[in-house]
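> What follows is each chain in one-letter form.
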Amino acid sequence: MSSREKILSGIKANQPSLIALPDVENFVQPFADVVEKFKTVLKAIGGNVHAVQNVAAIIEVLKAQFADASRIISVLPELNDYATLYQQGDDPHLLNDVDVAIIKAHFGVAENGAVWVTEAILQERVLPFICQHLVAIIDKNTIVPTMHQAYEQIAGTSYGFGTFIAGPSKTADIEQSLVLGAHGPKTMTVFILA
Amino acid sequence: MEHNNKDHATLAAAFNVDEARVDWHDETLWFVRQKRDKAVHIVPEWEALRETASQIKNNVLSNLHDYLLQFEKNAQQNGITVHWAADDKEHNQIVHSILQQNNINRIVKSKSMLTEECHLNNYLKSVGVDVVDTDLGERIVQLADEAPSHIVLPCIHWKKEEIGELFHQYLGTPKGNADPQFLTGAAREHLREKFLTRRAAITGVNFAVAETGEFVVCTNEGNADMGAHLADVHIACMGIEKIIPLQKHLGVFLRLLTRSATGQPITTYSSHFLQPRKGQTLHIVIVDNGRSRQLGREDFRNSLKCIRCAACFNTCPVYRRSGGHSYHTAIAGPIGSILAPNLDMKDYADLPFASTLCGSCSNVCPVKIDIHQQLYKWRQVLVKDGYAPTAKKIAMQGMASTLASPGIYRFAGKMGRWVIKHFPFMVNNKLNAWYKHRDMPAPPKESFGEWYKKNREKKG
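These protein sequence lines are chains C and B, in that order.
FYI, numbering that gives the first Met the number 0 numbers position 69 of the first sequence as 68, with every residue one higher than the one before it.
FYI, numbering that gives the first Met the number 0 numbers position 250 of the second sequence as 249, with every residue one higher than the one before it.
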C-alpha cells in the first residue's frame, strides 16, 4: 500500500461522523465610512496613503517622495511619463535593483488596510516583494469592509497567484522592536483614486 | 530541538536560574498577549468568528478524507505535483529527492513548523544540502545552532545584544551594535543574496483550500514570496489538517490568525498559490506523521484544529516563565503539550503536566480548542498507561492507599500537621517536589474531622 492509500484509509477509519459546515454569511459590517477606515488602518500598520483625483496628482506626489530613485517601473501605461513600463519576459532576478514599483490593485479591505493583487496585474510575481518601495493605486469605490466581502470579490475570478498586501514588509523578531523593510519594500504607498 | 533526557521541570529550572531574564521573557510575551487583546476587542463579531472557525474545523476533521482528495485533484489540475508522506522520514526523503532530480544542493526555506517537527534541516545537512532559513528570527536561531523557541516569534528568548554579537560573528556587523533596525538591515542584505542565488525554495502552508486547490502562505517579512517567486522549484510542506473546505472560509481564518498571533489586523502578505509560475515547478508534500492517529483519539482530536497562531503560548503563565526550549519539542506551549504525546507518549509524558490548567489557553484559542481540558485528559491517559514521571507515580500511589484506608488517612493527617508545626524543614526542603514551587501552608490545629467530633460532642 502506498503512503497515500495508507494515510487516506487511516483518516477514513478515524474521522468522526459528518459534522455540518456552518454558514459564513451575515457577519456585521461595522464601519460607517470604509474609505476612512482603510486609511486609518493602513497608516497604523506603517503604510502611506493619499486620496487623489487623477494620475497627474499621483505623479506629483511620487516625484517629491522618490526624487533620488534611479529605477522606477510601473505596470500601468498611464504612468509612462514618469515610470518605465514593465512587461513580463525578463528574468525576475533582474528586478533586484528596482527602487520603486508602481502597480494597481483590484480592491482594498477597510478592516486591515490590505490590497488584493494578482499575477495578471503584477506581470511578475516577485515584483511587489523585491522592490525597495511599493506604490499601489486603487479605485475609491472598490474598498470593501472586511475579508468576507473581499472573498466575495475574489470568488470566480481566475489567477495563478494572488496576494493581499498590507503595508510595508516588516519584522519584530528582535525583541519585538518593529522594523519596516524586512525582505520586501521598506515603504508602501497607496493612492486612493476618486 | 533534539530529544534529550531532561524533562520540562528540569529544563524550566535551568531557564529560571536567571530571574531577571525570566521576568523580561514573561513581560515580552505578555506584551504580545495585550496587543492581541486590543486587536480582538475592536472586532464586535469576534466570538461569532471563533465559533464559525471552530465549526468549520469540526467539519474538516469529519470529512478530511474527501477534502484531501478534492484538494489533490484540484491542485493537480492547476499543475501542482502532490506528494504524500506517512511520516517525518518520508517527508524528508521526498523533499531531498525533488532537490536531487533538479540537481540542487543549496536552498532557502521560509517558516514551516512542520519541517521543524520533521527535523528537515538536520536531515538535509546530513545528505549535503545547505539550507538557509529566511525568516529573521529563524535565521538567528539557525546561526546559533538552536531550534525556534516559539512558533511565531522564533527567537523571542534572545536579547538584542546577543543577536548583535551573533551577527558580528557570522555576518561581520560591527561589534557592539545591537540596534534592531541596523541588525535587520544587515540580515536583509545577507538574505537577499540567498534569495537571488538559490534555485529551490521551501515554504510552509497556512491554509489549503479543497474547493480550488490553492494554498495560502502568510508572512510579515515577505520571505516566503521572495524565495518562492525567484526559485525554479517551490516545495510547500503541509500537514493533512491544513485543509479548509471553501475559498470564502479564508475570510474567517485570515481575520482570526494574525489578530490572535501578534495583534495585527492581517499579516503583511497573505499569498495565494494556485499554479506554478511560468517555467517553475511547484510541489506540495502532504504529511501525516501521526495526525491520522490523533484524529482517532476522540479526546484529543480537536488539537488538529490548530492554526498555529501561538496565542496559547503568549498567554500561558508556564510558557512565559519557562521558555520554549523547556518543552523539548518543535511546537512548544500548551498546544504543543497536547500534540507531542501523540507523537511519543514516553518522550513527552512530562508536557501535559507543564500547565496550571488555568484555562487561559482555551479562552484565547481562535478555533476554540479545549486545550486545558485535553492537558488534563492526557495526564489521565499517561498515568493509566504507566508513562507518568516516577516521583509523581510514587506520590500518587501513596495518596491512593492513604485515601483508601480511613485509619491511615487520620493518622497521616495528624502526622502531617505535627511535622509541619514542629519540624517545618522536613517538608520545606528540596526532597519534597511539592515544596519546590510552593510554600507549605501553616498547619491547622486540628482536622475538620477532629473539630466536628469535638463540637458535636460538646453540643450533644
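Keep in mind that a hint or two might mislead.
[Unchecked claim] Far from chain B, some chain C residues (derived; all Cβ distances over 10 angstroms):
no.	residue
1	S16
2	I58
3	A119
[Claimed, not checked] Here are the computed lysine-lysine pairs in the DSS-like style, where the Cα-Cα straight-line distance is at most 27 angstroms:
no.	chain 1	residue 1	chain 2	residue 2
4	B	K124	B	K37
5	B	K124	C	K11
6	B	K5	B	K367
7	C	K185	C	K139
8	C	K11	B	K420
9	B	K88	C	K185
10	B	K420	B	K376
11	C	K185	B	K174
To be clear, the hints were calculated from the coordinates, so they are not data collected in a lab.
Please read these numbers as outputs of a predicted model, since none were measured by experiment.
Where is the CB? At the ideal position from N, CA and C, for every residue including glycine.
> Give a verdict on every hint.
Comparing the hints with the structure gives:
1. S16: Violated, because the least Cβ-Cβ distance between C:S16 and chain B comes to about 7 angstroms, which does not exceed 10 angstroms.
2. I58: About 26 angstroms separates C:I58 from the closest Cβ of chain B, which puts it past 10 angstroms; holds.
3. A119: 12 angstroms, holds
4. B:K124 / B:K37: Roughly 42 angstroms separates the two Cα atoms, so the pair is violated.
5. B:K124 / C:K11: The given pair, whose Cα atoms are some 36 angstroms apart, is violated under the 27 angstroms limit.
6. B:K5 / B:K367: Not satisfied, since the Cα-Cα distance of roughly 31 angstroms exceeds 27 angstroms.
7. C:K185 / C:K139: Answer holds: C:K185 to C:K139 is near 24 angstroms, not above 27 angstroms.
8. C:K11 / B:K420: 60 angstroms, violated
9. B:K88 / C:K185: Violated, at about 39 angstroms.
10. B:K420 / B:K376: 36 angstroms, violated
11. C:K185 / B:K174: Roughly 25 angstroms between the alpha carbons, so the hint for C:K185 and B:K174 holds.
The earlier numbered hints that this structure contradicts are 1, 4, 5, 6, 8, 9 and 10.
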